[in-house]
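Residues per chain, in single letters:
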Amino acid sequence: MTGRRTAQALTALALATLPFAAAAGELNILTWEGYADPAFITPFEEASGCTVSATYVGSNDDFAAKLAAGGGVYDVITPSLDTVGMMRLAGFVDPIDTAAVSGISGIYPEFSEHPEIVVDGETWAVPLIWGSVSVIYRPDKISGTPDSIGVLFDPAYKGKISMWDDKSAIYWTARYLGYPNVFDLSDAELEAVKAKLIEQKPLIRKYWSSAGELTDLMANNEVWVSNAWTGLTSKDVNALEKGFSVVEFSPKEKAEGWMDSMMLVRGTPNQECAAKFMSYMQSAQGQCGIAASTGYFPVNPGAVADCMDAAMKEERKVDNIDFVKSLVMWQQPVRLDKYLEVWNAVKAAP
Amino acid sequence: MRRPASSILKTAGLFSLPLGWTLLLLIVPYLMMIAVSFWTRQFPLFVPDFQFGNYVQLFSDPQYTTVILRTLKIAAMVTAAALVLGYPLAYFLVFTLRSERLRNLVYMAVIVPLWVSYLLRAYTWKIILGTDGALNSALMSLGVIDAPLDLFLYNQAAMVITLTYIFVPFMVMPIYAVLENIPKGLIEASEDLGIGPLGTFRHVIAPLSLGGVVAGAMMTFCLSFGDFVAPVLVGGPDGIMVANLLQTQFGAALNWPLGSALATLVLIMVLVILGLTGWAERASARNLR
Chain A
1 MTGRRTAQAL TALALATLPF AAAAGELNIL TWEGYADPAF ITPFEEASGC TVSATYVGSN
61 DDFAAKLAAG GGVYDVITPS LDTVGMMRLA GFVDPIDTAA VSGISGIYPE FSEHPEIVVD
121 GETWAVPLIW GSVSVIYRPD KISGTPDSIG VLFDPAYKGK ISMWDDKSAI YWTARYLGYP
181 NVFDLSDAEL EAVKAKLIEQ KPLIRKYWSS AGELTDLMAN NEVWVSNAWT GLTSKDVNAL
241 EKGFSVVEFS PKEKAEGWMD SMMLVRGTPN QECAAKFMSY MQSAQGQCGI AASTGYFPVN
301 PGAVADCMDA AMKEERKVDN IDFVKSLVMW QQPVRLDKYL EVWNAVKAAP
Chain B
1 MRRPASSILK TAGLFSLPLG WTLLLLIVPY LMMIAVSFWT RQFPLFVPDF QFGNYVQLFS
61 DPQYTTVILR TLKIAAMVTA AALVLGYPLA YFLVFTLRSE RLRNLVYMAV IVPLWVSYLL
121 RAYTWKIILG TDGALNSALM SLGVIDAPLD LFLYNQAAMV ITLTYIFVPF MVMPIYAVLE
181 NIPKGLIEAS EDLGIGPLGT FRHVIAPLSL GGVVAGAMMT FCLSFGDFVA PVLVGGPDGI
241 MVANLLQTQF GAALNWPLGS ALATLVLIMV LVILGLTGWA ERASARNLR
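Just so you know, the sequences run in chain order A and B.
For what it's worth, UniProt numbering labels the leading residue of the first sequence as 1, then goes sequentially.
For what it's worth, UniProt numbering labels the leading residue of the second sequence as 1, then goes sequentially.
The set of hints was computed from the structure by calculation and includes no laboratory data.
The model shown is predicted, which means the values in this text are computed figures rather than measured ones.
Do not take every clue at face value.
Unchecked claim - In silico SDA-like links for lysine to any residue, alpha-carbon gap of 20 angstroms or less: (1) A:Lys66 - B:Phe46; (2) A:Lys66 - B:Val229; (3) B:Lys184 - B:Pro207; (4) A:Lys141 - A:Val118; (5) A:Lys194 - B:Pro62; (6) B:Lys73 - B:Gln63; (7) A:Lys196 - B:Thr66; (8) A:Lys194 - A:Pro350; (9) A:Lys201 - B:Phe46; (10) A:Lys201 - B:Arg70.
What the hints assert, rightly or not - Just the calculated beta-carbon pair ranges, DEER-fashion: (11) B:Val112 - A:Ser53: 56 to 64 angstroms; (12) B:Leu114 - A:Ser53: 27 to 35 angstroms; (13) A:Lys242 - B:Ala285: 56 to 64 angstroms; (14) B:Ala109 - A:Glu46: 43 to 51 angstroms; (15) B:Phe59 - A:Asn181: 39 to 47 angstroms; (16) A:Ala195 - B:Phe15: 52 to 60 angstroms; (17) B:Gly275 - A:Asp187: 13 to 21 angstroms.
We put the beta carbon where it would ideally sit given N, CA and C, even for glycine.
One chain only, chain A, in its complex shape (with noise of 0.2 angstroms):
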């Protein structure tokens, strides 16, 4: 396509005559909804100079679309372990300076020399934050203590029922139907998944997008149960104290498991104030900070070792990382685009 390289040559031209203000001190972060809290950003943009700006994410298949889109806009990104390699070969991403990052060394190597995040001796990501996807619901409303992922599936609750609007809703049905490989399903397996999703349609009153909309329809009684990123959720919803509370779950048939770290957007201006963030996020006022604002895992020991009381160790799993191996950790389906096809035919359907 000549005309779209005129075009690509077109742009570049017209910014590189532009007047190069914008440099100094800015870090545009594309992340999570709770990853750039005032509580612990303000603190960074005044200790740093370096002034923070986040755009929130809904799903981890955002980070490529918004990058494909045209990139300049944002510095560092935070998908989670199962996209990472997927920036990385889609050429969204340079590797990491590791000389510039300060605590790296003090975050479980589990993590840090995960197979995604090192690759052929090159650093591609900063571990930043862990957690799980559990079960969350209104005890007022739902009989009995739930123990499954068959609650997401059961007539009772008609109506009442939300699911995340992203493709491990295959994951959730897979293994609600007893199907040991989430992550590489047969298509035999796939068109049992989207049958049951397809079947579960009727019992849904809306696919949450965003963790706002979830509190959202929890908070409002819009909905009594959902799957909702551990923590974030029922912490908001039991602020609201709107005279009654959610509480979550792990099902027996296990929760998944989910690591997010920071990655550096290729040919950015802004790597002074990129490093700046990782270390500081690997700092006590950083990790505790978003644990805090987010009801997630700590990657960092270390870190947060004099900021958190015992209790709130033995919660967050500080130093349990065997907590892993009781979850269903998310990686990059085998056949990611047939999963993709099936979750959007699976909301397209009557």
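Mind docking chain B on chain A? Use the hints.
Positioned in the frame of chain A, the structure of chain B alone reads:
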């Protein structure tokens, strides 16, 4: 007849800005979209190509037809509802309200919501229709229902209500304009000849206002056909429309080629609709003569 070169230059100079604008921001992007629709998705992105696989997928996978038909249905329902609400309103404004000041005031009241952010207006409906919303509270305090009903929000009815509310001014405006321009003499002549109000409406007002109805219907239809906010805010799990599919293909699925093919198909459908309405308008104009 040859025009002097200077005149051609002047004309070109005069129209170069709008022509350049149209070319650069409309024609070129359309051509690029059509070109990309023949590319191939290849993990992690997509590669230039020339093949018809994307179009084949649009017609072979039922999910796309389902959503296109659903979108046509929703858009038609919104258009019908907007016409049922909008025509009498415009008629009332032009023929019933005698005071010009009052008429302008009511007309402004219809138009003013257009100044408010579309998102905000759609959000408002969420607050009205929700389980804990205004409508349920009102019905409960009136004793009509004992427990809040779920059936107002997160379904296709909520989408039709919201879209009708948002797009009804686009129906009222053109109908108002044509009704206002009907010469009063024609109506008086009809009445003088002993035709009743219904007959006058049927034989004089309705045919003369058809152009406004077609224009309003076309705008309302096209605007609701391309909407993607209502399904996200007030639609339920069965509310996905074509624009949401486009968003997904350009977003999460990262399949710009398939998205472009779908967008091209939508463009063709809209052009066909425009062509049909144009034809209908001309046909009705011929009948009048």
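Given the hint of 56 to 64 angstroms, check if Val112 of chain B and Ser53 of chain A actually sit that far apart at their C-beta atoms. At roughly 34 angstroms between Cβ atoms, Ser53 of chain A and Val112 of chain B fall outside 56 to 64 angstroms, so the hint is violated.
Ala109 of chain B versus Glu46 of chain A beta-carbon gap, inside 43 to 51 angstroms or not: Since the Cβ atoms of Ala109 of chain B and Glu46 of chain A sit about 49 angstroms apart, the hinted range of 43 to 51 angstroms holds.
Holds or violated: the 39 to 47 angstroms window for the beta-carbon distance between Phe59 of chain B and Asn181 of chain A? 33 angstroms, violated
Mind checking the alpha carbons of Lys66 of chain A and Val229 of chain B for me, to see if they're no more than 20 angstroms apart? 19 angstroms, holds
Given the hinted pair Lys141 of chain A and Val118 of chain A, is their alpha-carbon gap at most 20 angstroms? 46 angstroms, violated
Is it true that the CA of Lys184 of chain B sits at most 20 angstroms from the CA of Pro207 of chain B? 15 angstroms, holds
For Lys73 of chain B and Gln63 of chain B, compute the direct alpha-carbon distance and say whether it is at most 20 angstroms. The given pair, whose Cα atoms are some 15 angstroms apart, holds under the 20 angstroms limit.
Next pair to validate is Lys196 of chain A with Thr66 of chain B; report whether the Cα-Cα distance is within 20 angstroms. 19 angstroms, holds
Looking only at beta-carbon atoms, does the pair Ala195 of chain A, Phe15 of chain B fall within the given range of 52 to 60 angstroms? 58 angstroms, holds
Taken at face value, is the distance from the CA of Phe46 of chain B to the CA of Lys201 of chain A at most 20 angstroms? Violated - the C-alpha atoms of Phe46 of chain B and Lys201 of chain A are around 32 angstroms apart, more than 20 angstroms.
May I ask you to test the hint 56 to 64 angstroms on the CB atoms belonging to Lys242 of chain A and Ala285 of chain B? 60 angstroms, holds
In this structure, is the beta-carbon distance linking Leu114 of chain B and Ser53 of chain A contained in 27 to 35 angstroms? 31 angstroms, holds
When held up to the earlier numbered hints, the structure conflicts with 4, 9, 11, 15, 17 and fits the remainder.
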